[in-house]
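There are 2 protein chains.
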Amino acid sequence: MCLINWYYKKVEGVRGLTVETRKPIPVKEAIRKVMKFAEIGSNEEVLLPDSYGRYLAEDLIASHDVPPFHKSPYDGFAIRAIDSKEASQLNEIEFKVIDEIGAGFVTTKKVGPFEAVRIMTGAQMPYECDAVVMLELTKEYERDGKKYMSIKRSFRSGDNVSFQGEDTKKGTPLVEKGTRINPGVQALLATFGYEKVRVSKKPLIGIFATGTELLEVNEPLVPGKIRNSNAYMVQGQVIRSGATFRYFGKLNDQLDECFEAIKNALDEVDILITTGGVSVGDYDYLPAIYERLGANVLFNKIGMRPGSVTTVAELNGKLLFGLSGNPSACYVGYELFVRPVVKTMLRSYTPYLQSVDAILEEDFPKPNPFTRFVRGAATFKEGHLVVKTSGLDKSNVVTSLSGANVLIVLPGGTRGFTKGDKVTILLLEEEQGTNTLWAEK
Amino acid sequence: MCLINWYYKKVEGVRGLTVETRKPIPVKEAIRKVMKFAEIGSNEEVLLPDSYGRYLAEDLIASHDVPPFHKSPYDGFAIRAIDSKEASQLNEIEFKVIDEIGAGFVTTKKVGPFEAVRIMTGAQMPYECDAVVMLELTKEYERDGKKYMSIKRSFRSGDNVSFQGEDTKKGTPLVEKGTRINPGVQALLATFGYEKVRVSKKPLIGIFATGTELLEVNEPLVPGKIRNSNAYMVQGQVIRSGATFRYFGKLNDQLDECFEAIKNALDEVDILITTGGVSVGDYDYLPAIYERLGANVLFNKIGMRPGSVTTVAELNGKLLFGLSGNPSACYVGYELFVRPVVKTMLRSYTPYLQSVDAILEEDFPKPNPFTRFVRGAATFKEGHLVVKTSGLDKSNVVTSLSGANVLIVLPGGTRGFTKGDKVTILLLEEEQGTNTLWAEK
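Those protein sequences? They're chains A and B, same order as listed. Residue numbers for the first sequence follow the working numbering, so the first one is -15 and each next one is one higher. Residue numbers for the second sequence follow the working numbering, so the first one is -15 and each next one is one higher.
Okay, chain A solo, but in the shape it has when bound:
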């Protein structure tokens, strides 16, 4: 049985009588409904060199003092400060140099009165010494085959010594789990001996495209058809958000086959995304599949543009995102709804897109009956962020997405904006995120 006819007939039967009317919910409420099902994912271990950009699955706590021993921050001589007490321009004090230690070595000698150890930057202080004299403040010489140095000023206990634990005391919490690992965190992990790092596993997101008009990227153009761009765009969004993907290709138009494909895919992935097929159009059959799966549809209409038909369903705690087939709507849908779920699975405490104020650099005269998310390009200007739309604001316009680094939020019920107005923008390329939804600030 052909799905298209099947579903077409179903709709035909009701049109004019009880035409399916969907009730839009506010975008803030839609995000909240989705986030109720966002749960922390599982963990895995990776080698330290592979940990960049991953999310820490456990708190990083200093397992020893840093530095782990008193050490010399300079090239010079380690002495007992007390021996230098009488040193002055007029009273040169001589020290016998009894050893020489490089970084990584420890002296085996006991340092007595008026004895010194030649010490290199980073080397451990001899036990008896409590000050370092920098090389350039000493005079070195030999006498009877023995080495000496002398100084003309006094030093206090602690002078030029990096004390054990002065950077970090053992037990200090350093980096909270859920933090994205940057080069500085990698340095800390190395310092504390993490050859392997426990990180959040990347959520696996399944992607299906729907649309009888779609060609795959390797197929030549034919009349009436266009290439599938959404699936590849979403793949990039998945990676940008810290997850990984499996692309299942295009759903065909047989309901039974689609149902089986989606059902099987659900077993293999953490999140399932479909692009297209969620409108009330005659050929849009995702609603029928959600019904047959017994999935709980959280919403199927949102008071926003683009992406009003974005549909999210849940089955046994697993989320199915029915993103619009329209590229801009699909893009916005991913960033608003899927991204914070991914970040939560990764243990991030700041799952939402960072929202900041920016100055609009051009007029946007269209009224906004619903909250509008416009693709924008933001730049810095004298310490402020300024923003322009990144191309035509038509929801089918793919080109505007390539230059977008923010979404401009134009609240519903506003009449249009003019150059110089302050607007809220959501930063798409910023990794830090925030724990507060722009709408709840």
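One or more of the hints may lead you astray.
[As the list claims (entries may be wrong)] Incomplete in silico selection of chain B near chain A, CB under 10 Å:
{"id": "1", "residue": "Ser26"}
{"id": "2", "residue": "Asn27"}
{"id": "3", "residue": "Tyr36"}
{"id": "4", "residue": "Gly88"}
{"id": "5", "residue": "Leu173"}
{"id": "6", "residue": "Gly387"}
[Stated by the list, open to error] DSS-like, lysine-lysine: derived pairs with alpha carbons at most 25 Å apart:
{"id": "7", "chain 1": "A", "residue 1": "Lys365", "chain 2": "B", "residue 2": "Lys372"}
{"id": "8", "chain 1": "A", "residue 1": "Lys234", "chain 2": "B", "residue 2": "Lys180"}
{"id": "9", "chain 1": "A", "residue 1": "Lys372", "chain 2": "B", "residue 2": "Lys153"}
{"id": "10", "chain 1": "B", "residue 1": "Lys425", "chain 2": "A", "residue 2": "Lys372"}
{"id": "11", "chain 1": "A", "residue 1": "Lys12", "chain 2": "B", "residue 2": "Lys365"}
{"id": "12", "chain 1": "A", "residue 1": "Lys123", "chain 2": "B", "residue 2": "Lys7"}
{"id": "13", "chain 1": "B", "residue 1": "Lys365", "chain 2": "A", "residue 2": "Lys406"}
{"id": "14", "chain 1": "B", "residue 1": "Lys425", "chain 2": "A", "residue 2": "Lys425"}
{"id": "15", "chain 1": "A", "residue 1": "Lys365", "chain 2": "B", "residue 2": "Lys180"}
{"id": "16", "chain 1": "A", "residue 1": "Lys372", "chain 2": "B", "residue 2": "Lys161"}
{"id": "17", "chain 1": "A", "residue 1": "Lys161", "chain 2": "B", "residue 2": "Lys403"}
{"id": "18", "chain 1": "A", "residue 1": "Lys365", "chain 2": "B", "residue 2": "Lys7"}
{"id": "19", "chain 1": "B", "residue 1": "Lys425", "chain 2": "A", "residue 2": "Lys365"}
{"id": "20", "chain 1": "A", "residue 1": "Lys350", "chain 2": "A", "residue 2": "Lys302"}
{"id": "21", "chain 1": "A", "residue 1": "Lys406", "chain 2": "B", "residue 2": "Lys406"}
{"id": "22", "chain 1": "B", "residue 1": "Lys372", "chain 2": "A", "residue 2": "Lys425"}
{"id": "23", "chain 1": "B", "residue 1": "Lys153", "chain 2": "A", "residue 2": "Lys365"}
No lab work stands behind these hints: they were computed from the structure. Cβ coordinates follow ideal geometry from the N, Cα and C atoms, glycine included.
Chain A is already provided as a structure; the job is to place chain B on it using the hints.
Using the frame of chain A, we list chain B on its own:
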């Protein structure tokens, strides 16, 4: 022969007579000297799904119109607008529905006067039609087994039609080579049939650590030794900048062996980084190796803190970066000197760290005889960037690096800064970059 003794003796011999004095050059000049050797790297092809985050090696030009045909943006009926001319509330006009086309299909029928085709969103317009009537403005019915619809208003030619090329005309340059591929660019690549994408090859950066005090990450702590954190930190920086790395481990203290190791590594990589071993300390032997290689040392002292001993040499056009062994200096050295070279190899036209103004949120009383780069954490506050130092400003403090997302630039010759002062910050996590060095703005 033991290198340490060899080099130690060499230095011993001259100390007090012609102690090696290095002449610091301004940091801006140092960057300029390095960038003279920054050349565009080679290319490779990757599959579209693997292209996220890579850099386009060729301009992306629209290979066809977008949309590639006139299409309907709505579900409805395609008509000849002229037939609707007399339609009004009092004059309902009837159309015979002769076909039904979904997205991806084309009608084979010729549409005559007062005929219509049921058309779905995204479907190609029938050749004779020039307007679309939205479904909700029609009345549908059957008569004698034939389908009809009627309308009560007129439409003009072009109403509700997305015209071929209205988004993008064939031949339009869309994305410049050297652009980092984001999800929007991936959508464009898919639209134009790029199953494979020509991208800049990631530069391969070799990394050696030096330092007799260093343990590898998997070795237990022993007295006098610390774990090597720089190599792992730099690995993260390499990846963040868009390159890839090979870690060659720790150089030992045998000059001949070190020389061979570095010489062989140079043949395998595009850029070579060493951490440590560049000071004038007795155990620092990189200068001897540069000499033996016959490398051209561009500079070995910079008027900056931290990282004044950062040394860069060049051999047959290949750059050898001698970064400081001190973690913060090493970190700053990578971002200021290596990163823009990597970005240039990737074809980026904006190789430098984005520099913007920010308001200092705390006092920084230390005077700055030389330009200082302080690790900072910047956040947004009412559309402005505000910045704090991200920890102790001691160059050996690893913990301050993990929270850093910017470098605060405090120009040389300044007396210290107070809360509320405007400072320049360099954004470490921003991917866009700039073509203008902060110092030349």
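Here's how the hints hold up against the structure:
no.: 1; hint: Ser26; verdict: violated (24 Å)
no.: 2; hint: Asn27; verdict: violated (20 Å)
no.: 3; hint: Tyr36; verdict: holds (4 Å)
no.: 4; hint: Gly88; verdict: holds (3 Å)
no.: 5; hint: Leu173; verdict: holds (7 Å)
no.: 6; hint: Gly387; verdict: holds (7 Å)
no.: 7; hint: A/Lys365 to B/Lys372; verdict: holds (20 Å)
no.: 8; hint: A/Lys234 to B/Lys180; verdict: holds (19 Å)
no.: 9; hint: A/Lys372 to B/Lys153; verdict: holds (22 Å)
no.: 10; hint: B/Lys425 to A/Lys372; verdict: holds (23 Å)
no.: 11; hint: A/Lys12 to B/Lys365; verdict: holds (23 Å)
no.: 12; hint: A/Lys123 to B/Lys7; verdict: holds (24 Å)
no.: 13; hint: B/Lys365 to A/Lys406; verdict: holds (14 Å)
no.: 14; hint: B/Lys425 to A/Lys425; verdict: violated (35 Å)
no.: 15; hint: A/Lys365 to B/Lys180; verdict: violated (37 Å)
no.: 16; hint: A/Lys372 to B/Lys161; verdict: holds (22 Å)
no.: 17; hint: A/Lys161 to B/Lys403; verdict: violated (31 Å)
no.: 18; hint: A/Lys365 to B/Lys7; verdict: violated (37 Å)
no.: 19; hint: B/Lys425 to A/Lys365; verdict: holds (13 Å)
no.: 20; hint: A/Lys350 to A/Lys302; verdict: violated (38 Å)
no.: 21; hint: A/Lys406 to B/Lys406; verdict: holds (22 Å)
no.: 22; hint: B/Lys372 to A/Lys425; verdict: holds (23 Å)
no.: 23; hint: B/Lys153 to A/Lys365; verdict: violated (32 Å)
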